[in-house]
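Asker: Chain residues, written in single-letter form:
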Amino acid sequence: MDMNQYLSMFIDESNDHLQSLNESMMGLEANPEDLSIVQVIFRSAHTLKGMAATMGFEDLASLTHQMENVLDLVRNNKLRMQDFIFDTLFKSLDALESMVEDITGGGAGKADVSAIVASLQAIVRGEIPTAAGAASEATAAAAPKAADAPVFLDEFQYSVLEQSLQEGHKVLYVDVAIRKDCQLKAVRAYMVFDLLERSGEVVKSFPSVQDIEQEKFEHSFSLYYITQKEASEIQAMILNLSEIEKVTAVALDQESLRQMGQETVAATSEAPAPVKASEPAVGNGNASPAAAAHAKEESKAAPARTGGAPSRTIRVDIERLDVLMNLFSELLIDRVRLEQLASEVQNGDLTETVEHMSRVSGDLQNIVMKLRMVPVDTVFNRFPRMVRDLAKSLDKKIDLVVTGAETELDRTVIDEIGDPLVHLLRNAVDHGVEGIQERLAAGKSDTGTVNLRAFHSGNHVFIEIEDDGAGINPQKILQSAIKKGILTQEQASNYSDDEAIQLLFAPGFSTAEVISDVSGRGVGLDVVKSKITSLGGNVVIYSTQGKGTNFSVQLPLTLSIIAAMLVRLGSEKYAIPLSSIVETGIVKQSQIRTIHGNKMLEFRNSHIPLVSLSKIFSIPDYDESTEEETEIVVIRKGERLVALAVQDFIGQNEIVIKNLGKYLPEVQGISGATILGDGQVALIIDPNAFIK
Amino acid sequence: MAEDIKVIVFKLGTEEYGIEVEKVQTIERMMPITRVPKTFSFIKGVINLRGVVIPVIDLRGRFGIAEAEHTDQTRVIIVNVNEMEVGFIVDSANDVIDLNRDSIDTPPDVVGGIKAKYLDGVAKIGEDRLLIMLNLSEVLNKNEIVQLESLEG
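One line per chain: the protein sequences are B and F, in this order. For reference, each letter of the first sequence is one residue, going 1 to 692 in UniProt numbering. For reference, each letter of the second sequence is one residue, going 1 to 153 in UniProt numbering.
The following block holds chain F by itself, in its conformation from the complex (with noise of 0.2 Å):
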């Protein structure tokens, strides 16, 4: 048996992702956020998080998913992955649960619009809830992002 992990679920629309646990700083209530103009869209500004200004950026819009208006539930998680804090816009987040390595599966092409390489794997929990664990450090790949801005532009 591989060993256990810990996993910060969230929500997306209806999915339900996960982020390891020790790669999470802390999960913030929506917070007021100063705009940073001449961006990318999905980077929805600056926050300051008890001293430190953190960019924030939403987790829909870097998926290519269509950007929601934020409720209460809606909740920032800052994670902090290569030395880089950054804040995630997400619907919801309210679960930690303990996964084990194995359980985690290499993930199919296209998960719910999502391309492979921003994915772990997928792991099946109960009996009818499946988790998509993130690859935080290629969400967070600056490369990606000039790639992305010239097909947009």
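Next up, chain B with everything else stripped away, as it sits in the complex (with noise of 0.2 Å):
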């Protein structure tokens, strides 16, 4: 079988289950007495472990199996979750982590896991291997056959049963029937199953276990089922359940397997086939709370797996979203000018179909935006193990509490912000958070917590990452930066506290004492804030001594569509983002004065310098210092301001970002062009250039 179609599926299924087996362990390792959390990531890594074996990553298949047989001896009560095997869990999830990434990097998904192994298996050594273990392990590997068809009892299953039959377990063949008059059949079987995993592991039942959840079966079910109780004993105890009506278990040996297991399998074969690889669920969605995140996994998974089954969310391909843009602007261009010949022609049909078409292109746009949003959960769902690793090797107890995960940005933002954000959230780990001794003199918790928050406001989305650490003394920073050759004395006595905090982002600068391996290396904040920059976003420090400090990170909603101020100079038109305009005004000659050979302009009690953009542009038609009024715009970057002086305002407008074209080489202060109404190129100006 050629797998390579199913390849890509299976790279976004396996990190799919990676994330979700390290969520689980994080919140098993917050939370280790909560069983149904172990049923989870058993589940997960079983499915993980068919999924590779299928597809050939045996080394894959393998750890993953290691990992199994630890989890399920605590699933089953046989052993304590402690430090040491959430660790050695966790490097196990490493390694997979990598393996998977080999794999998508065209790898063949080889890695040396023996020590990973011999860890994992020391762990299990601690206690007797137990019959669920084999039959789980056997299961397993059953599960993807199963999905391949719908064989009732294959060779996996028949072989475990021989197995546990073999080291000595009893095999039973359960004949449940219940009441023709019970009106809640498939909770009186859940019971039973419920019941029979006490003791026990079901290994198989007619009908599926989807199909038994789901009521369709008439009144009666069967399952093979290992155990060491008696059949006897088992009888009694599903007798004692309500609503059976009978009840048959008869212990099979190997001989009335073989004749069973045949026997089964043609009575059975004119029942509705189940389609899904259920196998793996039968103990463990049954068993817990768990069974409602079971069922959505397996809606999630099913149809990938069987195509079969309806679901209510496609995978697109990024390339067609951006291709649906594209034409989207297009489309949004024409309706600009349609607006403008309407307004012209003055025909009142003619207005109020575009007005129609107006309003729909916007809810047109609205989603074509939204369907390109994503919950910055995906970035987000990496951090709390990062946090733990991190507070970990720098023994420090950290709670990262994530709000807002479910906060949308557009993917192209999100794909960019991953970096700065983890070396934000390093550095508040690192230099925020401080040590527990410290945090107990300084009469707080011995617990430091960092704040990871996102949130809309506007027409941006915020990210903040506050600790409640020891925060930052600016004399420290006005030091350090003198020091360095940053800042002379002189300058450094102007600064104020917020300022000198924001230093922290100068090139070239770190205040680590000691330099850790895990931020601090002089290198980094700088990048992060010229990475967000180039984003169109910003990003501030607030800190308050002794109670800790707030990187708040603020990224546009959107990189292809914005709000621009347009604004004529002669006969010359330029968009300025609106996001980066203060105010717009109008200043008299005698309000700007020359302050060495700069001209500045007083505004709003300091003085800001105001640039000429027909000079730098050398536009032809227009010079603003023949004028005796000069309309202004004030742009920031950061905490600094400049007045751009312009001709005219012509208004606001929304407008869509086209490059220049690869032949052109960079223009300084101009980021890009736009198309206008009246089908005339707009070049947008980059604020960012005219402040340094």
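Calculated directly from the structure, the hints in this document are not laboratory data. Don't be surprised by glycine CBs; every beta carbon is placed ideally from N, CA and C. Hints may contain errors.
Unchecked claim - Simulated DEER-style distance windows between Cβ atoms: (1) F:Asn100 <-> B:Glu319: 40 to 48 Å; (2) F:Glu22 <-> B:Met373: 37 to 45 Å; (3) B:Val345 <-> F:Thr14: 41 to 49 Å.
Said to hold, decoys possible - Here are the simulated lysine-lysine pairs, BS3-like style, with alpha carbons at most 27 Å apart: (4) B:Lys531 <-> B:Lys662; (5) B:Lys637 <-> B:Lys615; (6) B:Lys637 <-> B:Lys588; (7) F:Lys117 <-> B:Lys662; (8) B:Lys444 <-> B:Lys547; (9) F:Lys23 <-> B:Lys662; (10) F:Lys38 <-> B:Lys531; (11) B:Lys397 <-> B:Lys476; (12) F:Lys117 <-> F:Lys6; (13) F:Lys23 <-> F:Lys124; (14) B:Lys588 <-> B:Lys615; (15) B:Lys588 <-> B:Lys573; (16) F:Lys38 <-> B:Lys573; (17) B:Lys615 <-> F:Lys38; (18) B:Lys599 <-> B:Lys615; (19) F:Lys38 <-> B:Lys637; (20) B:Lys110 <-> B:Lys91; (21) B:Lys599 <-> F:Lys38; (22) B:Lys216 <-> B:Lys180; (23) B:Lys588 <-> B:Lys599; (24) B:Lys662 <-> F:Lys38; (25) F:Lys11 <-> F:Lys124; (26) F:Lys23 <-> F:Lys11; (27) B:Lys216 <-> B:Lys246.
To be verified - Covered, in the sense of this in silico footprint (three residues per stretch, anywhere, with C-beta under 8 Å from a C-beta of chain F), are these stretches of chain B: (28) 652-664; (29) 677-684.
Could you fit the two chains together into a complex? Lean on the hints.
Answerer: Next up, the structure:
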């Protein structure tokens, strides 16, 4: 079978499973007694193993298998979770991740995992391997098979049963009939499964568990069951449940097992064929409150595997979305043009139609933009694990509280924002939160809190990373800056505390007294800042000494359509992104002063530079210096302001950003172009270029 | 016999030039051009070609010939070379001819003031018509522009 066509699906699903494994492990670590989480973990690992084995990634499958053995002991209360077990399991997850990465990169997914496997086995060896262990291991292998073809007792299941017999366990064939007047037969069936799971392992049931859950069975069902108990004991146990009409439990030996297997296959082959790979779910879904989660997970995985079940979401190639976006941009340009024409023609019907079209295309714009939106969770989800590892390696206790993970951002922004956030988080954990001793000395609880928040505000999304650590000492920053030659003593005296703190973003600045391998190599925060700025965003630090520090990252919702102010300079039109405009105004020539040959302007009690766009862009037919009054646009980059002199304000507009084409070299001060309603091209001014 | 190729013929001054038809996207009448500041003088700016922003070059300027007033005949030839879309302003463009590759000779060092490296060759058509075939990748070579700039500056 050619596996290539399934590879991308395998990679996607493996990553999903690894992610959910990571999350569940974190959950379990916080709450080690909660066995329902173990069930969830077990099932994810199980599915992963099945997929890996089917695809022929042996190393992946065998490592997952070892993890499973450990987990199995845990969920059967044979082993208590301890720190070293968590560490080993997390290490295994890392190894799995790197293998999947290797596969993604076209590799064979091979890796030397013998050390991890050895330590996993060591954990298992602390206890006696149980029947359940053997059974689960074999059912796992059976899972992908079951997906291929709905065979009832396939050779794997058969071999499981056989193996169990050899190991001295009892294999029972149990037939359960529920009373015909029973109202909720699925619930009764669930109770039977629940009961059985407590003292053994259900290997196979007819009809499948899915069908039973959905009441797709008459009044009886049968199952293969591995246990240590006697058949009569089991029979009595089940009969103790109400509304059970009849139970027959037959202990099987090798011979009868073979016969029974064949018979049942024949007897039940007329029943509706279960399509889904439901086998591994038998033991888990029913036995725990994880049933809901299981159903969700199953419905997510099933359509991908079988292609049969209906689904409410589809995966779409990102490139297609980009094409859609481009096409829509063109439509938007035509819309603006139509609106303009309609206002010239003054025909009632035409105006009405155009207005309607505008409304519809406005809605369409919203939808298209939403399609490209991705919840920040896709970036956030790896952070809890990262913070946990970091805190551990630094001997700190840290709670990461994530809020607003559902906040959505344009995919292009999401793709870029991961690394800067990682850096800021590392920074918060390393430099922000103090060590346990220091915290106790400062009268705080020994566990530090790092808040990771995302929320919408206007046309922006804010992501805040706030710690409750020691805060930043502005004086220390200033001294350090002077020492490093970033500031002179004189300059430093003019800095307010807030300004001093922002110096952390200055290139070549690091206040870490001890260089650790976590952060503080002297590079970084300036890179973070420039990355965020290049995305059209901004980052500001707020800090209160003794209380903590907050890095607030402001990001634009999208990069392809922005609101802009159109201005005229002579015969030329330019667009200035609204996000960087502070305000607009008119100044008299007499208000403009010349300081050191630079034009300055008094603005809100401070002096800001006045930049002549007409000079910088050598505009042929306009010069503001000849005018009595000048329109200005005040733009901002961080805390700094600059006034741009323009001739006229045309108005505010939604514009579609286009690039200038590959041929043109980078033009300083111009970030792109847009097409106006009259079909003309207007250049978009890059405000950052005017503020150094 | 080598294969026949189709060639778009356009004029700069009195000379006739040719570009292979595969490299030409469209030929447009003159349209409003938005000036792009702080760039080379022969880059006239950008145009909106059905929603795509495309830079346009005055070919006269590019080859160092005195630039002329735009007339009714002036055309913008949009070419697509090495995934770059660029418009060429030319005096006129009104012919498509078939040309046999064999009839293209290696160019002399300088033809009509244009350096040989911008040329693919010269083809003789009919009795007294000479067609200069352009080497578009060289014409659009950016390194060349940088050198040009440093000479000017």
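Asker: Evaluate each hint against the coordinates.
Answerer: Quick rundown of the hints versus the structure:
Checking the proposed 40 to 48 Å range against Asn100 (chain F) and Glu319 (chain B) shows it holds: the Cβ atoms sit about 41 Å from each other. At about 40 Å, the CB distance of Glu22 (chain F) to Met373 (chain B) agrees with the hint of 37 to 45 Å. Remark: the range hint 41 to 49 Å for Val345 (chain B) to Thr14 (chain F) is upheld by a beta-carbon distance near 46 Å. With a C-alpha separation of about 22 Å, the suggested pairing of Lys531 (chain B) with Lys662 (chain B) holds against the 27 Å cut-off.
For the proposed pair Lys637 (chain B) and Lys615 (chain B), the alpha carbon gap of about 21 Å is at most 27 Å, so the pair holds. About 25 Å separates the Cα atoms of Lys637 (chain B) and Lys588 (chain B), which keeps this hinted pair within 27 Å; it holds. Taking the CA atoms of Lys117 (chain F) and Lys662 (chain B), the gap is about 22 Å. The hint holds against a cut of 27 Å. Only pairs whose Cα atoms come within 27 Å are accepted, and Lys444 (chain B) paired with Lys547 (chain B) is accepted, the gap being roughly 10 Å.
Distance check on the hinted pair: Lys23 (chain F) and Lys662 (chain B) sit about 16 Å apart at the alpha-carbon level, within 27 Å; holds. For the suggested pair Lys38 (chain F) and Lys531 (chain B), the alpha carbons sit about 26 Å apart, so the restraint of at most 27 Å is met. Restraint check: the Cα-Cα separation between Lys397 (chain B) and Lys476 (chain B) comes to about 26 Å, which is no more than 27 Å; the hinted pair holds. Using a Cα cut-off of 27 Å, the hinted pair Lys117 (chain F) and Lys6 (chain F) holds, with the two alpha carbons roughly 22 Å apart.
Between Lys23 (chain F) and Lys124 (chain F) the CA atoms are separated by roughly 21 Å; this keeps the pair inside 27 Å, and the hint holds. Proximity of Lys588 (chain B) to Lys615 (chain B) is assessed by CA-CA distance (about 19 Å); at most 27 Å being required, the pair is judged to hold. The straight-line distance between the Cα atoms of Lys588 (chain B) and Lys573 (chain B) is roughly 23 Å, inside the 27 Å bound, and the hint therefore holds. For the proposed pair Lys38 (chain F) and Lys573 (chain B), the alpha carbon gap of about 16 Å is at most 27 Å, so the pair holds.
Pair hint Lys615 (chain B) plus Lys38 (chain F) holds up; C-alpha atoms about 11 Å apart against a cutoff of 27 Å. Of the pairs offered as hints, the one joining Lys599 (chain B) and Lys615 (chain B) holds, with about 13 Å between alpha carbons and a cut-off of 27 Å not exceeded. Taking the CA atoms of Lys38 (chain F) and Lys637 (chain B), the gap is near 23 Å; set against the 27 Å cutoff, the hint holds. About 16 Å separates the Cα atoms of Lys110 (chain B) and Lys91 (chain B), which keeps this hinted pair within 27 Å; it holds.
Note on Lys599 (chain B) and Lys38 (chain F): the hinted pairing holds, with a Cα-Cα distance of about 22 Å set against a maximum of 27 Å. Between Lys216 (chain B) and Lys180 (chain B), the direct Cα distance comes to roughly 14 Å. Compliance with the 27 Å bound is thereby established for this hinted pair. Between Lys588 (chain B) and Lys599 (chain B), the direct Cα distance comes to roughly 13 Å. Compliance with the 27 Å bound is thereby established for this hinted pair. The suggested pairing of Lys662 (chain B) with Lys38 (chain F) holds, with an alpha-carbon distance near 16 Å, which does not exceed 27 Å.
Among the hinted pairs, Lys11 (chain F) with Lys124 (chain F) is consistent with the structure: their alpha-carbon atoms are about 15 Å apart, no more than 27 Å. At roughly 17 Å between alpha-carbon atoms, Lys23 (chain F) and Lys11 (chain F) fall within 27 Å of each other, so this suggested pair holds. About 19 Å separates the Cα atoms of Lys216 (chain B) and Lys246 (chain B), which keeps this hinted pair within 27 Å; it holds. Counting residues of the stretch 652-664 of chain B whose C-beta sits closer than 8 Å to any C-beta of chain F gives 7, which meets the bar of three, so the coverage hint holds.
Evaluation of the coverage hint for the stretch 677-684 of chain B: fulfilled, as 5 residues show C-beta separations to chain F shorter than 8 Å, against a requirement of three.
Consistency with the previously given hints is maintained throughout, with no hint failing.
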